[in-house]
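Participant: Heads up: the sequence lines are chains A and B, in that order. In short: position in the first sequence from 1, add 49, done, that's this note's numbering. In short: position in the second sequence from 1, add 187, done, that's this note's numbering.
Where hints are given, some of them may not hold.
Unchecked claim - Covered stretches of chain A, going by a simulated chain B footprint (3 or more residues, C-beta under 8 Å):
#, region
1, 322-328
2, 759-765
To be verified - Simulated coverage check for chain B against chain A, where a stretch passes if three residues somewhere in it have a Cβ under 8 Å from a Cβ of chain A:
#, region
3, 191-199
4, 222-228
5, 270-278
6, 290-301
7, 316-330
No wet-lab data here; the hints were simulated from the structure. Just so it is clear, the structure is predicted and the values come from calculations on it, not from any experiment. Yeah, the Cβ is synthetic: ideal placement off N, Cα and C, and Gly gets one too.
The chain contents come next:
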Amino acid sequence: MADRTAAKKEGGRPPDGRPAYVGEGWSPSRIIPIDTGVMEVPELAVVGQPVPRIDGAMKTSGLQRFGADYYMPGMLYLKTVRSPHPHARVLKIDGSEALNRPGVVAVITATDIKGMNRHGLAGPNRPSLIPVGDNVRYIGDPVALVAAETLELAEEAALRVEVVYQPLPSVFDPVEALKPGAPILNYDRDNNLVSDYHMERGDVEKALAGAEVVIENTYSVPTQEHVQLEPEAGIATIDPDGYITVYAASQDPIYILRMINQCLGLPQNKIRVKSLASGGSFGVKSHVNVQVHLALAALVTKRPVKLVWTREESILAHPKRHPAVIRHKLGATRDGKFLAFDVDIIADSGAYPASSKWVFNVLCNAVPGPYDFPNIRVQGKVVATNNPIKGTFRGYGDPQGFTPTEMSIDLLAARLGMDPTEIRLKNGHTQDSRPTQHGVHIDHPVMLEETVRQALAIAGPKPKPSRPGVKVGRGLSSVMPSFDVAGGKWGAMAGTAASVEILPDGGGVVRCGVSEIGVGITTVLAQIASEELGIDIQNIEIVFGDSLISPKAGPSVASRQAYTAGNAVRYACQKLRARMIEIAARDLGVPPEEIWQTWGKFVVETDPSRNLTVQEVALSMYTTGVDREAYHWFRATHAEYGHLYVTAIADIEVDVETGQIEVLQVVNSHDTGKALNPLNVRGQLIGGGSQALGWVLMEDLRVKDGRILTPSLTEYLTPTSMDIPHAYKTVIIEAPYPTGPYGAKGVGEHGMDSTPGAIMNAIFDATGIMLTEWPVTPEKMWRALRERD
Amino acid sequence: MYDPQTIRLKINGVEEEATVKPYATLLDVLRDQLGHIEVKEGCAVGDCGACAVFLDSTPVCACLVLARQADGAEIITAAGIGTPENLHPLQEAFMDYGGIQCGFCTPGLIISAKALLDENPHPTQQDVKVALSGNYCRCTGYEQVIEAVLAAAEKVDGRHG
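If we strip away everything but chain B, and leave its shape as in the complex, we get:
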């Protein structure tokens, strides 16, 4: 059981395979083996939220999931929400409202914000604060991030409604 084992992941819609050690985290595998550098490592123990990804539609800290637990799962990273050529309204709103400074925490914030809007398309400011409370951001003081999420909610809602 200590031998490396091959796992399959569907990452941003693409099937990928990795041979992983039993103690490798999903974060290690996404970054070091599969090159998904859009998943950032800020603490590796679940405090900061920079490595947040969707694991079968649930937002998780990739550092807190063993890679083997994710075998067969569908993973969405921030780059799966939108890329520079095709940004998601949330990502555009982060730009327009000044929700980005250094950008290291941003992909994690995008995941948490997307998870919120998926579940609650009409969040209040308090809903947004609660949804982002697992993501540290040291630059922005959150204010403009929260404004961005609220604006994106309107935009997404307007588009679909």
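Isolated chain A, as found in the complex:
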């Protein structure tokens, strides 16, 4: 189809209704295409362009509706009654006083639930409401719902629901939780072990004994709260025949559908889940939040219901990043060749396993990063405690696994007097490497060195101190994140479908069950459909996240949908295009081989004056009874995960008097494959980098005896516009991924993976202090400087 592209070029860029795709002066980032010989990336007109968001006009005007923005006539408001105890037996729940208050319609408890009353990404392990006789396991565990005519009445009545608890001994330290006699949280076992991990290659003990230098260090890696701007919210409606529709943001409508079915025992054909546009997510909305409660309350009250968590409830109740204590022994030769890495990890799952088993696997898998260790042993445990629940957060364990490794490497480099870049390249993956990471093999050219080279090139020289009393440092960090291509063993991710329809007027509809959590996947899918069908992007509608009418796409997690849904949409479009060419050929009276597709037209190759527009072909399909819709089920078989490399550089300035750290520059050099939308790619890298900056320098979720001491945004600080780096540079290295759509790899999570190590190493470079705990607040930095001097 080379002709098609040529014709498109001839006519210039397809009209997109806006003066320019790109604002004047856009992007200080660099895009570096690299031909690695693995595939030919076709010339493209719409894909690869920095196309503005298709939902941008709705979002800049605020008119985009999120969960809390829906209202229904006769709607009831819900309020959740939550446990004030970290661990207690529920002896009694009495809603009678609450129910007697004016406007209160129902007090709903576990006795109203007819199904299993359990949900969870890694098995049915979280009750949606704690029944009498069972235990609450964290502060915030839900025990009842109040439904009332107004939110105010629901909130007042919720305070009047009498719950009698018998407090139980609690455990907050995962090490303590593993000891005999510790209070037991798990349902199905007689201990608190959620999952363990063991990976061993070579003889670590022997290699460490023979190593010329050994770095030993223990890192205390903190948790992190998502602070997605939209607190969890939604509504549910119920038809007189019992059909329930739930409208709430999630990352996988089919998962939510299954959990409502599992918890409540409703048949799946009686439930519709609409995964609304999400006001941020970063993993948090891959868990059930309000949806099961909404369906339950609609079922009980037979009325539309609305449930909106306050910010404080959101922070209290949703699963957060797993904190972990990670012990390293890193052995090397005197010239910096890694010999052995012995790593021991203990992580806190919080009150329920949620997704801990999978996240912990990824965390442990991340430990070796992009390096070869001839001898390696990684072992660890993730353990239940009465702390807030831990779950999925951008990176999915990767930041916790990668960051300490990057720090130990800089300690080693310093000990040996080596350049941190040199030691990385000396031990980095080559084409012959066999990574230990599950499901990853080197199946396309290794771009590690290229990411390092480009990062250094764009970073420029290390800055000089801007004034007396400050010390400047530069840190570098290289990581090898993976992105899902085939879902591994996890059923939800195995296979992605899309359907594409050409409407009788030549417009297009793409149906695909992705969730738009803010990353711009709907824009990318529209670009692909526009490219393949040769129609303008504003004539394409994307139907996403609807369990009833958008085909199964699996969860929008693991940086996967650009690859998986991108492929599904692209192949569905190609099927439809083939059919359109046949119809154009039929109507023009030539064989299909003679039809040549230009932008918006099907042309007879030998006589371009004979042609049909897309509209004419679409209408002809409609009037002559030809299927205008094509469906494609995409499931990769070549690997479970794709992998790629990212190198980050951070320049920082430490004020030695106050401990204040100023981030001068962050660079992310990313092996993205074809950037389907470089504006989006850059946004993901910078956004992830900003969350990393927050995690490392600011975000301090304090928890004592299971109680969050930083319960709102007033106490839990995330970066503002004043806290970001003075400069943020991104390099997009386009080394194509052979099976990716147009060569694309995943990109969504990786700024969060690469940046923390760079900042920590920059602090080390500036001060000589390798802090083993973060966030490095000014106070922590100040104390460390005082202790040193």
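Using the hints provided, position chain B relative to the given structure of chain A.
Facilitator: This is chain B only, laid out in the frame that chain A set:
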């Protein structure tokens, strides 16, 4: 004094009326009673800035203003700055520069940015950072938002100058 009271607001140029309780915030009334869902609630205590609106030309967090204090005031929301059919250059720049990801904080950012440009048509990067510092954005890391505001400033200035 605890009885509901009727207040009048001029919202995006349209006179509207609401009967409000004494403790109702401007945010509650705009969203729940008058349907202005373009004003988002991210925290309800003035931390996040998602509910920013102009109250008689001053940008405020609607969650920090009692509805009764706003009686008789003129309110401009993000949808009053521009709608999808008629976007303001700021809103276009947010699109062109990638200043939008999830879009939940965006209407608040638009208000703060508009307030800045009204007062200072030639802002520096530092001016923009200061002006947006009351608005949390968790997706973008602000960089592309700042670029968008600077670009819009040139565009607005070019158009009028």
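Participant: State for each hint whether it applies.
Facilitator: The hints, checked one at a time:
Here the region 322-328 of chain A counts 3 residues with a CB under 8 Å from a CB of chain B, which clears the bar of 3, and the coverage holds. Proximity of the region 759-765 of chain A to chain B, defined as three or more residues with a beta carbon under 8 Å from a beta carbon of that chain, is established by the 3 residues found. Counting residues of the region 191-199 of chain B whose C-beta lies closer than 8 Å to any C-beta of chain A gives 0; at least three are required, and the coverage claim is violated. Requiring three or more residues with a Cβ within less than 8 Å of a Cβ of chain A, the coverage given for the region 222-228 of chain B holds, as 6 such residues are present.
Look at the region 270-278 of chain B against chain A: 5 of its residues bring a Cβ nearer than 8 Å to a Cβ of that chain, three or more, so the hint holds. Closer than 8 Å: that is the beta-carbon criterion, and the region 290-301 of chain B has 6 residues meeting it against chain A, so the requirement of 3 holds. Evaluation of the coverage hint for the region 316-330 of chain B: fulfilled, as 14 residues show C-beta separations to chain A shorter than 8 Å, against a requirement of three.
Violation of the numbered hints given earlier is confined to hint 3; every other hint is satisfied by the structure.
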